[in-house]
Amino acid sequence: MNVLVVVAMALAAISSLGVVLSRQTIYSALSLVVTIAMISVLFLLLNAQFLFAVQIIIYAGAVMVLFVFIIALLSPDAEDRPGRDWRAVVGLIAVAAVTILVFVAAGNGVTYNSKGFRATQLLGSCTSLNAGPCDPYRTFSYPVDATNAAGNVQTVAGQLFTTFLLPFEITSLLLLVAVIGAVYLTRRGVER
Amino acid sequence: MLAQAATIPALVTPTGRDLLGLLPELILGAAFVLLMALDAFLPSTRRSWLAVVAFISLAAAFGASMWGWFDSGSGRTLYFGAFAYDRYSMFVNAILLVSSALVVIISPQYLNRRGIHHGEYYALILASTTGMMILAGAMNLMVIFLGIELLSISLYVLSGFSRGDERSQEAALKYLLLGGFASGFLLYGMALVYGETGHTQLAQIGLALRAAQTSSVDPLVLVGVILVFIGFAFKVSAVPFHTWTPDVYQGAPTSVTTFMSVTTKVAAFAALVRVFTYTFPYVYTHWQVIVSLVAILSMLVGNIAALTQTSLKRMLAYSGIAQAGYILIGVAVDPRVALGTIGVLYYLAAYAVTNIGAFAVITVMAGRGEDLDSYSGLRGLAFRRPYVAAAMGLFLLSLGGFPPTAGFFGKFFVFAAAIKTGLTPLAIWGIVTSAVSVFYYLRVALLMYQRPAEDEREYAWSRTSLSAGIVLAATTAGTLVLGIFVFLLYNAASAAQSGLLPAIASSSG
Amino acid sequence: MSVDTASALVILILLFPLAGAALNAVLGPRLGRGFVNLAGTLSIGAAFVVACVILGNVIAAPAGHSAVSVRLWQWLNLGSGNLSIGMDFTLDPLSALMVMVITGVGFLIHVYSVGYMEHDPGVARFFAYMNFFIFSMLTLVLAADLIILIVGWALVALSSYLLIGFWYERASAVLAARKAFITQVIGDVALVIAAFLIFLNAHTLSLPNIFARTAAFPSGGILVNGICALLAIGAFAKSAQFPLHTWLPDAMEGPTPVSALIHAATMVTAGVYLIARFHPLFNLAPIAGGMVACVGMGTALMAGIIALSQIDIKRVIAYSTMSQIGLMIYAVGIGAYSAGMFHFATHAVFKALLFMAAGNVIHSLHDEQDIRLMGGMAARMRWTHWAFLSGSLALAGIPLWAGWFSKENLLGFGTVAGPGPAPWLLYMVGVGVNVLTGLYAFRLWATVFHGEPQTARVYAAKEARNVLLVPVVILGVLSLIVAWPLQWPVPNAVRVFSDFLSPVFAGTPAGLASEPALWIAIVALVIGTLASLLGVGAAQRMWLHREPDPAAVAARLPRALPLLSYNKFYFDELYDAAFVRPVRAAARTARRVVEPDVFDGWIAGLTDLLRGFSVDLRAYQTGFIRDYAAAFTVGAVVLVVVTAVFLSR
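Line order of the protein sequences matches chains A, B and C.
So the working numbering is basically just the index in the first sequence, starting at one, shifted up by 5.
So the working numbering is basically just the index in the second sequence, starting at one, shifted up by 16.
So the working numbering is basically just the index in the third sequence, starting at one, shifted up by 2.
The following block holds chain A by itself, in its conformation from the complex:
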């Protein structure tokens, strides 16, 4: 499993570089498909099968197909590549530094085990907000076995209709606003 994680992560990173660096728009879009697919693989490895499916169907499927269609319709020319200057170097160093730091920080005591990403044991009495004997730090809500027992879809749905109900509803308003904004900005020739 460790090997798979590393491979998926590496592919995701490389393909996302491809998104940014390709001069042809269509290549960028296709690289994005790979990135999304690799991330969905990571979901799968983290025991989130439902998310894996959703990611593949919606992003790699529907959204990307739209992208590709639009690109094909508009057939934009290849972009001019901006000249490399010190900014690119600075950016690269910065990104590399942060990445390394995060890995160092995360590796600082992180263990991968068969139950998934570290510290997965659930202590029964941690539901109350009072700090009892349990240690909520290091405690994940969704360990593999319990999640599997309840069902992956059911767990997501349960969360979606309780803790994340409000965010879910806000998202609808957000999308509506985004649609109206996009329509407003792109509408032409209907002034007054």
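Calculated directly from the structure, the hints in this document are not laboratory data.
Each residue gets a CB set at the ideal place from its N, CA and C atoms; glycine is no exception.
Just to be clear, a hint being listed does not mean it is correct.
Said to hold, decoys possible - Facing chain B, a subset of chain C residues (Cβ under 7 Å, in silico): (1) 71; (2) 75; (3) 76; (4) 77; (5) 545; (6) 607; (7) 611; (8) 612; (9) 615; (10) 616; (11) 619; (12) 621; (13) 631; (14) 637; (15) 641; (16) 646.
Once you've looked at the hints, dock chains B and C against the given chain A.
Just chains B and C now, kept in the frame of chain A:
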């Protein structure tokens, strides 16, 4: 919790009280839809009616917030802990709604003059305000993110509202791209915090960090905290995440700049305080240095860069950056000292009323031609519009922190909190940079009282309309009232602070 | 009087003048003269009504409860022991008296102004300033917190500045306003330092609390004497006492109603009020008190001498004001607080009268102020003449006129109290001042109203119109009768006034303000009255009958005396030589030598640095998104590195 996962949906549903607690947000959301529908039927000459509808809905939401203020004395959470129903959010709501209402009042005249009076404007203002109120009350990382996105997306469109104006379009694009960039940092930070604590609810995160305090703090959670801070710092335009501010403020239509210069900052600071001072107090020693550093940089760069500006909007943008630095002092003080939060709230209210006033002057005085933006456009204003010039002078004095204006007490409380908690150097730095700021504020103030040179043409200011008069009178009164009747707002801010959720720090002393 | 009633009264009395000022400033220019006149006078009239209610409430208050302090709101509070400033106001006999005089005399002067400013285009501005002045003055006398008092103190100086320089087209008016303001600022600084010292020792700025904690100030110690000396300097600046007196004659550049209101009746007596208000401290500071008494009497004498030879009608009255305030300052300096306040009250009446009557004369002569060009006005301005005569009699201290009661009462105290081993000395000077007062008062009266008319303008002069005359006549009658029911200068006679104020000054120790024995008082009364009559009689002979001719008298005096008098003891020249010139010379030197070489170096360097920095910063504001994103990233990385590397433990 897990075993319940399959059974929860059948048992637990949000109650009516949850819905009622969201009344201000719901009113604005409904008004958003209503405005879009009305816009389809109203003739284009009647668009000012939309402003009336928007104003009424803002007033209704204000009423709902006031009702919430008295109803939410003890404070509780809504929607399974995802949203706070406390006086703090009601206080912030009040600032936001009053600011939005003032902007709505001055907008129709300005938009008509610019020829961009479309119905979407009011809808987007309301949507943005909704996002800000959601942000102010958010108790869940996801809600925080969505609140920020909701307010930002509306603002992206509003910045580019003048479709024929390239600078407006450029401002929108810049804001959009950099905003997305900043959202990436914010989300990454949230992910790290979630990954380390296992929760997205602020209350649970706070508890987790408190428990971890006994052992050592994981560096990863610190990286997460800092990345979250960067996300907020972008929204409040603190250095070095401020670069978008002058360009966007200058490019956007002035009424939009008026709106976003104040409300974004208020909402983002409200969430910042809730997240940092009240959720992360147990890693205070770690983020305090970062916040102080950003505050120092903001005060320095904002004030220095404002010195040589010749554009009013850019000057006010840099002044806003510096003001963000002062407010950050209030965030950087020890979370156990209530005066810090009270100072932030006072400062936000004072800043809102003063800055809206200052921007309102250049919005309502803008003539039919280009925007009133260059310094020379103000020259001689005092002889043609003496009251407007006097009001503008007052706002500038308040921004500079002169007593007895609102701005003085905003700075006073924040500095006092810093001195009380041993952050005296920060306060001294604030005072020194304030002294620098007087330089450019007074320069503009004096300009209004200079007669134009013989060969110089006076800017053709528009007439002071009733709506402009109302807004300027209200902001002038507010600036003075907050400077003279200090106890009014101080007591309210104190009450707002005392019931602030999540109450983690207080439960452990 | 309940606290609620008191707060309502305080709010009302402050609100009316403030509202009047705001209305006149904002709406006045649009709505025209009629509105301005109405808003300007009615606001003060309403305040006067409130003042009467306040007086009634204070009188009706049960014994021991005549003082009520109210807190309208807390302005600033940094916790116990720290700075705490409340909008505190106090209603007690002292403030009630001040409020009555300010609004009462103020109202009459406002009515008078309607006529006086009839043809001035800036009438809205004028009434806005005047109302604002009344508001400031009321804030000053009602304040129960030292900061609020200082705010009122400074606002009074500000409105005085605005009113002296009201005719800002005249360079002399602007200069006079500036001079007055600068002198006031000297006093303000002294007052602020005093407040600071008080706060350091008493840990409070609330006046009742300060006076309750006099234990913090060791009696007779250097601290309390120093504080009182600083307070006295503030008082001297406001009340035009030596050596801060030179602004008052110049302030006559303002319109005459301003002189009547500010430079006779109210503002210049604020110093007397301040010392009376701080009497618990002055009681502990005999040295400062003695200094105050000496300065007061010295100023009274000096101003009296100067008044003898001035030729500008308003300046003569201004110097007489200075002299009379000197007497009040003397009184509060020796601890005779209520006697000082009594003279303040009567003086406000007859001095406002004199100014307004003089204003009528000036008006009818088309702005002629030189008394050598007047003469014979009595036949042409009958009513004004009688009123002026009444005022002069009161000023000179002729029996049964108001000034006689208050001045003899005041000097009676001087027989037994005073600084140093020989209190008699200052008393004798006071008797001399009585003679001088009679002399200059009737010199003015005789020169202006009698003798041959000196110019053609005088023949054309007519009596003033009713709006200018009625306030003058009312005050003329008051100058005669106002003191009768209040206080007689004999012990155990009528003493309504001092009984009214006694709760305020109850804590004054016996040695300071004990009344003289009956026989001493009667002897002093006879001496003082004779001195006044002597002055008046001599003036009649010299200036009415010209026997002996005043010029001949002056020639027989030592040469120095008339010169000193005419040239106002050369104070203006002295200050010019001692302060203005050296400062100006120093400034010029600084500008020529020090500034370019010493300061410009680093100041210009600093500004250049800031400016250069600013320009550099602008260079980073390229407008390119990729640059912004780069800056963003670098900033983020720095912050993350700082956190992760240096802070994680």
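A quick look at each hint next to the structure:
The interface hint given for residue 71 of chain C is broken, as the beta carbon of that residue sits about 17 Å from the closest beta carbon of chain B, more than 7 Å. At a threshold of 7 Å, the smallest CB-CB gap from residue 75 of chain C to chain B is about 5 Å, leaving the interface hint in force. The interface hint given for residue 76 of chain C is met, as the beta carbon of that residue sits about 5 Å from the closest beta carbon of chain B, less than 7 Å. Taking 7 Å as the C-beta contact cut-off toward chain B, the hint placing residue 77 of chain C at the interface holds, the least distance being around 6 Å.
With a cut of 7 Å, the hint placing residue 545 of chain C at the interface with chain B is violated, because the nearest CB-to-CB distance is about 51 Å. The beta carbon of residue 607 of chain C comes no nearer than 15 Å to any beta carbon in chain B, farther than 7 Å, and the hint placing it at the interface is violated. Interface restraint check for residue 611 of chain C: the shortest CB-CB distance to chain B comes to about 10 Å, outside 7 Å, so the restraint is violated. The criterion of a C-beta within 7 Å of any C-beta in chain B is met by residue 612 of chain C, whose closest approach is roughly 6 Å, and the hint holds.
The interface hint given for residue 615 of chain C is met, as the beta carbon of that residue sits about 5 Å from the closest beta carbon of chain B, less than 7 Å. For the restraint placing residue 616 of chain C at the interface with chain B, the shortest Cβ-Cβ distance is roughly 4 Å, inside the 7 Å limit, so the hint holds. A least Cβ separation of about 4 Å between residue 619 of chain C and chain B falls short of the 7 Å threshold, and the interface hint therefore holds. A least Cβ separation of about 11 Å between residue 621 of chain C and chain B goes past the 7 Å threshold, and the interface hint is therefore violated.
With its C-beta approaching chain B no nearer than about 6 Å, residue 631 of chain C sits inside the 7 Å limit, and its interface hint holds. Taken as an interface hint, residue 637 of chain C checks out: its beta carbon lies about 3 Å from the nearest beta carbon of chain B, inside 7 Å. The closest approach between the C-beta of residue 641 of chain C and any C-beta of chain B is roughly 5 Å, which is under the 7 Å cut-off, so the hint is satisfied. Restraint check, residue 646 of chain C versus chain B: the minimum CB separation of about 5 Å is within 7 Å; hint holds.
Figure legend: structure checked against the earlier numbered hints; hints not met, in rising order: 1, 5, 6, 7 and 12.
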